[in-house]
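*Asks:* Sequence:
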Amino acid sequence: MRTSRRAVLSSVGTAASIGVAGCLGGDGGSGIPDYDCDTSSSTESVSELPRPVIGDPEADVTVAVFKDFACPHCATWELEESPTIESEYVDPGIIRYEHWDFPIPVHDTWSPGVANAARGVQDRQGDEAFFAFAKTAFEHHESYSWDIVGYAAEEAGGDPCSAIRDGESGTYEAVVSADREAGVGRGVQGTPTVFVNGEPVSAPTADAVSTAIENAR
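Here this note's numbering is used: the first residue of the sequence shown is 6, the next is one more, and so on.
Hints listed in this document are in silico derivations from the structure and should not be mistaken for laboratory results. Think of the CB as a built atom: it goes at the ideal place given N, C-alpha and C, for glycine as much as any other residue. The reader is advised that the hints may include incorrect statements.
Unchecked claim - FRET-style restraints, in silico, Cβ to Cβ:
#1 Asp65 x Thr141: 15 to 23 Å
#2 Ser50 x Ala213: 35 to 43 Å
#3 Glu219 x Asp164: 16 to 24 Å
#4 Leu84 x Cys42: 36 to 44 Å
#5 Gly190 x Glu93: 27 to 35 Å
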């Protein structure tokens, strides 16, 4: 199942209230640290970054996934479907697995904000850290706060305050927007959308993507 712009617009009030109600203040018994970061200093915008990739960069089969960090269906893909693809095809080096940002936006703050923070982690710590950040972020997608963004960065080996600053200031907005424009050009209308060697997969499930990979090999 995918999240589309139409679905978002029809439920924007609900989504906004969930985003606000779920934000954590301090630890609050959640186990999430309370980061006291000074994010008032300006950051220099970054306009280009390499594609976040895991697996074999030179593999014959490329899997490209367009995601919105606030999309619940993207969280389902990331936490329930993608692990199968990673264990069967990424870890053995059978495929090149690419992340593409496509903020619909499901949430006006967290869709672009978490994407910007993730790209900052990628820029400073590399692709493996980017994907580790993404995994932790999606685990908390229903209760995003800037502390959770910082926590995801720290869990990935990054600096929490730098990630929070990037998310708040939109340091990598040009990078994120370029991904979205590319997705629109490829016909992406909702998230998650998966392509295998440039061809859209019928459904964002491990079974459907596995079949597409096998057909492309």
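*Asks:* Decide, hint by hint, whether the structure agrees.
*Replies:* How the hints compare with the structure:
1. Asp65 x Thr141: 15 to 23 Å: This hint is violated: roughly 31 Å between Cβ atoms.
2. Ser50 x Ala213: 35 to 43 Å: Once the Cβ atoms are compared, 37 Å apart, the range 35 to 43 Å for alanine 213 and serine 50 holds.
3. Glu219 x Asp164: 16 to 24 Å: 41 Å, violated
4. Leu84 x Cys42: 36 to 44 Å: 27 Å, violated
5. Gly190 x Glu93: 27 to 35 Å: 30 Å, holds
When the structure is compared with the earlier hints, violations turn up for hints 1, 3, 4 and for no others.
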